[in-house]
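Heads up: the sequence shown at position 483 corresponds to 483 in this note's numbering, and the numbers run straight through without jumps.
These aren't lab readings, by the way, just hints derived from the structure by calculation.
Be aware that a few hints might be false.
Simulated pairs of lysine to any residue, SDA-like, Cα-Cα distance not exceeding 25 Å [claimed, not checked]:
no.	residue 1	residue 2
1	Lys273	Val311
2	Lys273	Ala335
3	Lys273	Trp235
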Amino acid sequence: MTRPDSQPRRIAIVGGGMAGTLSAIRLLRDSSAPLAIHLFEPRAEPGRGLAYSTQDPAHYLNGPALNFSLYPEALEDFSQWLVRHVHASAAEADNAFVPRSVYGDYLRDTLARALAGAAGRATLEHVRTEITDVAIGVPHRVRSADGRAWDADHIVLATGVQQARPVLTQDDTLETDGRYVPDPWQPDALARLASAREIALIGTSLTMLDVVATLERLGFTGTYHAFSRRALVPWLRHNAGPCDDFLAAAGAEALAAPTARSVVRWVRRQRDKLAAQGLDWQSVPSALRAYIAPLWAAASVPERQRFLRHVRPFWDNLLHRAAPPTHAVFEAVRAQGRLHVHAARVTALEAVPGKTEAHDANGWQRGPAGKAEKHLRVALHLSRELQAPATVDAAINCTGAQYGWHAGNTRPLVRSLLARGLVRPAAAGSGLDGDAHGRVFDRGGRLVPGLSALGAPLRGALWESGTIIDVRNQAAALAARLVEELGLTAGIEAQAA
């Protein structure tokens with residue numbers, strides 16, 4: 001398919017985190033006809049998003065560098081970038097666990113290289129605004145909160161994730177004075193808590209480990225109490241050897257109609273087999289990855305819902321493991337007796353009176369040996385009785401990411417798309433309803449022309465849709481589809497010239 005004219009095709013990418021930036025990179029690299037990209041991202045620098053905006057050197061990628069190339073066809077790209085920019089040897093770079101801020105630098109540089117390679121043919125404008133509305137027509141249009149509008153031939157939803165908020169009742173004063181931190185990723189959100197004595201961590205996943213690493217770096221010497229329903233904490237990640245294709249042995253018939261129970265049975269059987277051979281169970285997740293999307297697509301809606309209710313926490317715990325430096329901090333604090341993990345949900349936070357003695361500039365009372373106590377404390381209401389403190393100095397939300405596309409979502413764009421019927425929530429409750437090609441279904445189940453998605457919004461269609469391995473494959477496939485659909489290949493005459 002060739003372009004009938006020389007006017008550039010216009011693509012609007014809504015969201016400039018890792019997924020949106022990678023989509024732009026692939027389009028710049030893979031197209032050969034005039035192209036104009038608008039990348040809508042409120043942050044100052046594309047590519048960083050929620051995950052890579054952190055400048056805390058204690059926040060690491062959760063896997064070795066060899067897993068984090070932006071290109072599925074060039075798996076050593078990130079390792080080679082590290083050799084050039086961080087002066088690591090090739091062998092060191094492949095197996096290195098690096099700070100997430102460094103990966104943000106890699107995304108920035110890769111985008112700059114792709115744009116330079118498309119000079120004279122394609123343009124990219126980073127628009128620092130939040131898109132709040134989308135209209136599908138001729139042309140399609142995106143609109144920002146301040147009323148500005150941009151026309152486009154295609155719109156890509158790469159909106160990423162939000163910080164989840166646990167379902168609990170809270171006293172509003174706790175958040176306003178900093179004793180409850182709903183979003184630990186906000187700059188300096190944790191700095192005030194370094195001199196507290198007892199802190200409640202709501203959630204025990206990877207976010208909890210990052211919060212502990214930050215507070216330890218800031219000099220916190222008090223006690224942590226971490227709460228989650230099952231008290232699961234992340235495993236230390238290490239590189240295991242290859243695993244045999246154990247799911248292939250299940251047979252095509254079983255894989256065509258998987259159940260939550262059958263998947264658990266297959267994984268447990270393989271884990272036990274490896275244990276009997278003295279081998280590492282951590283080879284299982286890599287063997288699973290190629291099957292996740294087809295298994296999810298083949299499962300019935302009731303089975304997907306059953307998986308979410310009963311299996312998801314264990315699945316996340318199996319697949320999403322911690323970088324060695326982060327895990328080492330966690331284990332050191334726990335070995336000191338300063339971190340306790342409790343199997344309970346925090347259902348409410350309440351401000352209660354504490355001591356009213358002199359306090360420091362952050363509102364913490366200075367006591368013996370430099371200890372501190374807020375003169376108002378946080379009362380914890382738990383889902384079950386256990387040996388845990390009734391009150392703490394502060395509480396931090398560590399529940400991780402929020403993927404749901406539903407009426408209760410706080411994002412204006414999500415609410416607008418749902419209200420217009422341009423999208424519908426996935427039947428199993430995570431992300432929007434789409435297909436494996438990144439196409440989106442409207443309220444009536446029809447494909448929406450000119451609208452695609454990748455990354456976290458496709459969790460409902462693909463389940464695992466947020467890691468770099470998932471997103472880089474999606475971005476490559478989406479770019480190939482749009483190059484064909486929009487005629488982003490130069491015609492014969494242009495190629496000859």
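Going through the hints against the structure:
Taking the CA atoms of Lys273 and Val311, the gap is near 21 Å; set against the 25 Å cutoff, the hint holds. For a cut-off of 25 Å, the pair hint linking Lys273 to Ala335 is broken: about 31 Å separates their Cα positions. Pair hint Lys273 plus Trp235 holds up; C-alpha atoms about 20 Å apart against a cutoff of 25 Å.
Violated hint: 2 only; the structure is consistent with all others.
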